[in-house]
Structure formats: C-alpha cells, structure tokens
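**Student:** Residue-level listing of the chains:
Number of protein chains: 2
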Amino acid sequence: MAEADSRNLIADMSARARTAARLLAAMPSEAKSAALRAGAQALRDAADTIQAANAQDVAAAQAAGLSGAMLDRLKLDAGRIAAMADGVAAVAALTDPVGAVIERVERPNGLALSRVRVPIGVIGIIYESRPNVTADAGALCAMAGNAAILRGGSEAIRSNRAVHAALVEGLAAGGMPTDAVQLVPVTDRAAVGAMLGAAGLIDMVVPRGGKGLVARVQAEARVPVLAHLDGLNHTYLHAAADPAMARELALNAKMRRTGICGATETLLVDRGFGGTAAVLAALAEAGCELRGDGEVQAVEPRTVAVADADWDTEYLDAVLAVKLVDGPDEAMAHIGRHGSGHTDAIVTRDAAVAERFLAQVDSAIVMWNASTQFADGGEFGLGAEIGISTGRLHARGPVALEGLTTYKWIVRGTGQARP
Amino acid sequence: MAEADSRNLIADMSARARTAARLLAAMPSEAKSAALRAGAQALRDAADTIQAANAQDVAAAQAAGLSGAMLDRLKLDAGRIAAMADGVAAVAALTDPVGAVIERVERPNGLALSRVRVPIGVIGIIYESRPNVTADAGALCAMAGNAAILRGGSEAIRSNRAVHAALVEGLAAGGMPTDAVQLVPVTDRAAVGAMLGAAGLIDMVVPRGGKGLVARVQAEARVPVLAHLDGLNHTYLHAAADPAMARELALNAKMRRTGICGATETLLVDRGFGGTAAVLAALAEAGCELRGDGEVQAVEPRTVAVADADWDTEYLDAVLAVKLVDGPDEAMAHIGRHGSGHTDAIVTRDAAVAERFLAQVDSAIVMWNASTQFADGGEFGLGAEIGISTGRLHARGPVALEGLTTYKWIVRGTGQARP
Numbered sequence: 001m002a003e004a005d006s007r008n009l010i011a012d013m014s015a016r017a018r019t020a021a022r023l024l025a026a027m028p029s030e031a032k033s034a035a036l037r038a039g040a041q042a043l044r045d046a047a048d049t050i051q052a053a054n055a056q057d058v059a060a061a062q063a064a065g066l067s068g069a070m071l072d073r074l075k076l077d078a079g080r081i082a083a084m085a086d087g088v089a090a091v092a093a094l095t096d097p098v099g100a101v102i103e104r105v106e107r108p109n110g111l112a113l114s115r116v117r118v119p120i121g122v123i124g125i126i127y128e129s130r131p132n133v134t135a136d137a138g139a140l141c142a143m144a145g146n147a148a149i150l151r152g153g154s155e156a157i158r159s160n161r162a163v164h165a166a167l168v169e170g171l172a173a174g175g176m177p178t179d180a181v182q183l184v185p186v187t188d189r190a191a192v193g194a195m196l197g198a199a200g201l202i203d204m205v206v207p208r209g210g211k212g213l214v215a216r217v218q219a220e221a222r223v224p225v226l227a228h229l230d231g232l233n234h235t236y237l238h239a240a241a242d243p244a245m246a247r248e249l250a251l252n253a254k255m256r257r258t259g260i261c262g263a264t265e266t267l268l269v270d271r272g273f274g275g276t277a278a279v280l281a282a283l284a285e286a287g288c289e290l291r292g293d294g295e296v297q298a299v300e301p302r303t304v305a306v307a308d309a310d311w312d313t314e315y316l317d318a319v320l321a322v323k324l325v326d327g328p329d330e331a332m333a334h335i336g337r338h339g340s341g342h343t344d345a346i347v348t349r350d351a352a353v354a355e356r357f358l359a360q361v362d363s364a365i366v367m368w369n370a371s372t373q374f375a376d377g378g379e380f381g382l383g384a385e386i387g388i389s390t391g392r393l394h395a396r397g398p399v400a401l402e403g404l405t406t407y408k409w410i411v412r413g414t415g416q417a418r419p
Numbered sequence: 001m002a003e004a005d006s007r008n009l010i011a012d013m014s015a016r017a018r019t020a021a022r023l024l025a026a027m028p029s030e031a032k033s034a035a036l037r038a039g040a041q042a043l044r045d046a047a048d049t050i051q052a053a054n055a056q057d058v059a060a061a062q063a064a065g066l067s068g069a070m071l072d073r074l075k076l077d078a079g080r081i082a083a084m085a086d087g088v089a090a091v092a093a094l095t096d097p098v099g100a101v102i103e104r105v106e107r108p109n110g111l112a113l114s115r116v117r118v119p120i121g122v123i124g125i126i127y128e129s130r131p132n133v134t135a136d137a138g139a140l141c142a143m144a145g146n147a148a149i150l151r152g153g154s155e156a157i158r159s160n161r162a163v164h165a166a167l168v169e170g171l172a173a174g175g176m177p178t179d180a181v182q183l184v185p186v187t188d189r190a191a192v193g194a195m196l197g198a199a200g201l202i203d204m205v206v207p208r209g210g211k212g213l214v215a216r217v218q219a220e221a222r223v224p225v226l227a228h229l230d231g232l233n234h235t236y237l238h239a240a241a242d243p244a245m246a247r248e249l250a251l252n253a254k255m256r257r258t259g260i261c262g263a264t265e266t267l268l269v270d271r272g273f274g275g276t277a278a279v280l281a282a283l284a285e286a287g288c289e290l291r292g293d294g295e296v297q298a299v300e301p302r303t304v305a306v307a308d309a310d311w312d313t314e315y316l317d318a319v320l321a322v323k324l325v326d327g328p329d330e331a332m333a334h335i336g337r338h339g340s341g342h343t344d345a346i347v348t349r350d351a352a353v354a355e356r357f358l359a360q361v362d363s364a365i366v367m368w369n370a371s372t373q374f375a376d377g378g379e380f381g382l383g384a385e386i387g388i389s390t391g392r393l394h395a396r397g398p399v400a401l402e403g404l405t406t407y408k409w410i411v412r413g414t415g416q417a418r419p
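Sequence order for the protein chains is A and B.
Each step along the first sequence adds one to the number in full-length UniProt numbering, with nothing skipped, and position 165 is 165.
Each step along the second sequence adds one to the number in full-length UniProt numbering, with nothing skipped, and position 276 is 276.
Source of the hints: derived by calculation from the structure; they are not laboratory data.
Be careful, since some hints might not be right.
A pair holds if it fits inside one copy or across any two, identical chains being indistinguishable in the list.
As the list claims (entries may be wrong) - Once the Cα atoms are required to be at most 25 Å apart in a straight line, the calculated SDA-like pairs of lysine to any residue come out as:
#1 K211 x G197
#2 K211 x R222
#3 K211 x A199
#4 K211 x W311
#5 K75 x R257
Just chain A, with the same shape it has in the complex (with noise of 0.2 Å):
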C-alpha cells in the first residue's frame, strides 16, 4: 500500500475511533463489562471458525519455513482459544477505574475541584504472531473505555481477522460501537508508519512483540509509546543473603523461564557471600551457560570467559553473566551503568542494606528477596496487563487498566469570577 494510502486509511480509522471513543467513554461500567462478557461468549462460539483460520495462518507459515517457536507462537488450539476468551471474561470483571475520583480540593473561594480518571481515547496495539493479543489488548482498551486500533502480523493475518470478527460481533451484540476495537485490514510495514505518525489521531501505541518491533516503534513514534525495550535485569547476591534462598532466587530469576522479560540476565554477588560455588553449581547442573572473569572461573570451573558486551546483553536463554562484587555499590554502579531500568532484586537478611537498594537503585520494579521472574501484571494482581514500562512517564512497570487511563479536572462553581 502506498504510503498516502496508509495515512489515508488510519486517518479514517482513527476518526472512527474516536467517535467510538467519545461512546465508550460515557459506558457505564457494568455495560462494558457485560459487552466484554458477550465478547467472550462469541470467542468460544465462534471457536471452529478461528481454528480453521489458523490452520490455514500455520500452513502458511509451515511452508515459509518459520521456526518452532514462531509457529508455536502463532498457533491456537481449542484450549488456547477457551483462554483467550477466558481471558476476556477475566478483563471484564476486573474493576474499572474509569470516574474514580483521584483528589478533591475545595478553594477558599468556593470553587470545588476534582481530578477524575477518564479514558485515554484511542488506542494503537502493534503486535507480532500472537492472535491471542487481538483479544487481549482490545478488551483490556475497552474496557477502560478506549477504542483500540489493533495491527498484527501478516503472518496471523487470517487468524486475527477471524478472532476479530467474533470478538466485535459480542461485544457489539454487548452495546459497544462496533468500531470500538479496529483491526487494520492491510499488514504492509506502511500502515505501522502510518500509526507511529499519527499524532493527535492515536494517542498512545503499545507494541508487543519482539526487540526489533519495539525498536522501530520507539525510533519512529510521532506519538507516545508505551514499551520496554529490553529487559537486562539484575538479581544482586549481598554477603548477607540466606545461601539456601540465593540459591533457589537465582535459580528461579533465570532458568524458570528463560524466555520472559523479567528473567535475570546478569548475576552480581558479592565477594563477602559464602554460598557463591553452590549458587554457581546449582545453575550450570540446570544447564545453564555461565560467563563469568577468572575469578568466577576459579569459584564454578564450568563458567566460560565473560566480554564486555555480556554486560549489556539480555540473552533471553538459560545464559547467565556473572559478576563478583565488593559491596551494595558496586552492584548499584553496575546496575546504573548497564540496567534496563526494568527490574532488578537484592537477596538479603540485612533490612538496611535491602531498603536502601530498593530506594536508590532506579528501575520500574526494585525486589528483596523475591524472583524478578514476579514482574508481570498477573503476578501483580492487576489482572492483566497490556504491558510493561521502562519509560519514566504516564506509567512504569506492569501496566493494566489504570495505565490506560488519564485523568481531567472538573471545577464546579456558583459564578466565580476570577479577581
């Protein structure tokens, strides 16, 4: 599609958006809630459907020979699909803060303030193979009264169009706009330009997917991005943690799930920690790669020589740096130097040593003694999120329905005028 064309058609999709928007605003939260619900139900009913669609997406994607794990991502089995409506059931009975009312101020002349959430507006969602973020993502921005403009992937094209159709179907049957979750029709790079230009029109994006999606989003955007980019997260062994508990944190922080944003990426311990050779053995016996200077070498034999650039690589594997240590702010430096801002933990009995990591250290998510594997919405109990945030505005770390919000300032008065 030519780029004209693009601008063009998300500038009539935005519009439509918005007055969608302007409606969804004024839902009451038990209306969204129950279109959300009917939204659900047309999921399940319309499973055959989104099955054979997705068929056809993997056959496809089979026979331009994308990898195991890019096919896996795509495909939605009759389980997978029960979840994702499951999933939008769960969205519509979180609470929603739409009309909350923040703060109130009374002015001495009279004037009554009060700042109210209100929806953001519209909503833009660039995601990758996953269809199941087609329902996802729209119910999360419905719910929250905002109108989503949804562009995924061209290779889950059929499946997205199919989960779409059923979705708006409930939730218009529901009394939504049926233009309150869009799905851009064409999947051509030109429409995420389109997206990324369309200040004033869109006023957030939210890409999901991997680096190089979010990469080209954060670069490009004319309007706010709500994103992570990396997730090169520290778990911080002081000379006083329990040897037992940094033995099982580490573990957990980096072999549970190597894959996640919130796996640990680089290890600090300290030189005055006892447990460092049975931590060190525990992970490379799970199988996991360690790279580590001479010295670590000399502690766990089976570590490999670390480079500089291992400092700031998020492997996203069950590969772990490992870095001895003197002190808290030595790991502080290092985590400032080379952090992502996402999340980082300290394992520690001392409380001083914890609180004054937890204060100084500069990262959306800061743990004592806990997994960073914990940084998720779920986890939370946000039920659910559309994201997480290493920007430093609007809203940082796991972000749900609150981080779709924003707020006004209404003031009621009896005729002030102004001295």
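Once you have looked at the hints, place chain B on chain A.
**Tutor:** The following block gives chain B in isolation, referenced to the frame of chain A:
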C-alpha cells in the same frame, strides 16, 4: 555552535544532571526545602547584581528594537526580583510528593508491593524572555527531586546567568549538588535541537513561551513534551443560565486578562437564553470586538462579520467569536471540533445539563459556573505550576510538583520463587 558541538554539550550537561538527580532523589524533603530557602535568600542578596545584568539585557533589547510587551516581559525591577525570591521560598513550603505511597498490595503468596512516588530524573526547560522562569522552573524541578537543564532566550541571557548563579550558589550552600540546576551557556537554536533530540538523556521537556516555540518543540522533540499549544477555550451560556451570572462570567472569562491561556476565545450562546443582548452589549462596552454571523449582529449591532477561521483562532486579545447554538449537544459538538482540549465552561442553573457537559467535554479542565480564567496552578491550590498540559498522558491541566514525579514498584519478599 555546530550541531555536533551542541549535542556534545547537552550530552555532557545531561550526564552531570543525571548524577545530580540521583543525589536529589535521595534528599529528604526538609533538606530540599532548606536548600530552596537558601536559594531564595541568595536571590535577594544578589538583587543588585541581577538588576545590573538585566539592565544590560534591556538596553540591548531596546537597541534591537524589541516591542514594548517583550521589553516588559524581560524587565526585572526590585519588586520582581523580590517576587521571584518569594516564589522560590513558596515552592520550598510545598508538600513534597516524593516518597508518597500511591498504593499497597499484599499478594496471596506474601509478596508486599508498594507503588512509591519518585522523581522523573532530568527535566529540560526551554523558555523565552521571562528571566523569572530560571528561578521558578529550577525551584519546582529541584523540589520534586529532579535535575533541571534550563535554556533561556538570547535576549535574557545576562539576566538568566545572574539569576542562575545566585540560585545555584544558594542551593549549593543549602546542600544541593551544583548540577541540580544547570543553565545552557549558549543561546543558539542548535542547543534547543540537541535538547529535543536527547532521548534517554533528558526525560521530559517543558517549553515555556509563545506558540512558535511550543510548536517547534512539539514538532521536533524525540523526548516527551509537557505543554499546551493553544488555549482555545469556550464558555457556553446555556438556556438556563442565570442572566447576571452569565454576563459577569462572560466578561471575566474574556476580558480580565486577554493574553493568558485560560482566556475564553469563543462564546457559545444558546438560542433559548434570554440574556444574550445584555451579555453582548456588556462585552462591547468593555471594549471587546465581537465577531459573529448576521443573527448575532442582529442582537448586537457592534458585532463584525465572523470568518470560518475565527472558530479556530486563539486571539489572546480583546476579540471574541460568538456563536448561537441550539442546546448543549450543538455546543459540545462545536467544542469537540474546534477546542484545543484546554479549558471549557458551561453557565447554567440546570445541574443535569451541567453534569452532562462536565462528563462529555473532553478537555483537561471543564468548568460549571466559573470563569475559564481560573485555569491556573495557583488557583487550583497547587502552589505553583510548571505549565498547563493539554497532552493526554502523564499529567493534564495545571502541572506542579506531582506532575514532575513518576513512581516505581517496590516488592518486598521473604524468598518467594515464581511457581
């Protein structure tokens, strides 16, 4: 200055600002307040030096033929310097948002989560002729724990240097790092470009000045911007408006000060409102040029013809576009099409109509029976303001200390690994 030199300059200043910001983030509220009070005193002590520097700026500006309004904005007399110092002392007395716990969550697995306010980090302020912004903005940023990089206009450079030198001397004597508030030493446009492109180095930019400056910043910035371009505000006189209140509020909203962003630019009058002639006559007698169509001219003969462009024009002058409408829906549709999302007001005795207006008009500030000229951080009880934002993310409306903070998630565990 060459572009590469500007980039290096801003990169160097940003790195020093980041170091200062880490120290500021850890300063207790009382220590920040004490340093600001010392800064206020230093401004008072340096009043003669500042006035001498300002006299040079004013003389150069007069020689360059600057207009009277610009000269007035530039000029610092003893009273304005005292007011500037008082402003810094007033910021020192504000409640510090840093450290406030926004939310606490205890998870079933025992993890204790808290969401805690922290400074944003490094804030860039780009402003024009008013030298008091050097002190005001520097103080607000520092009180919220942020380092500030200030870039003032060339016409005020001597004044800005004198104000900055005194402020920083006081802040440093009071215990703040000297890099907490930095002034860009050059005033060419390349330095502004370098600040706007400093993604990851500067966390947010706030432009303070005319529309040309704000438009350039919004168009070029690769860093988040907190600003408003226009204050195209409406006052809607509903059919059920009290005629005397309508007259007073229309006069105040337009004429109290015509050059501020909270001034009303378009008056929407319901055809069912009985007091139209009196309101328009009062405005005309107060020296306001009225622009309207033949129907408006029939009510108030001093009205001149309105053009389509008027509905989208922020006059910032004693000029008012006037439109007759049939009911709140037409009024709200006009605001939705032509407003800038800054401040819009309804005057009515009908509470149900008012509440519908407050809910449906999608502006940063919506008002009922009050003058739009109250759109101001001081009037809102915020104690000061860094600016007013019409953006939809992070902060909206008047922004003071809280808008200069973000939050982080603190997770305290007892050894939890994620299942």
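**Student:** So which of those numbered hints doesn't the model satisfy?
**Tutor:** Those not satisfied: there are none.
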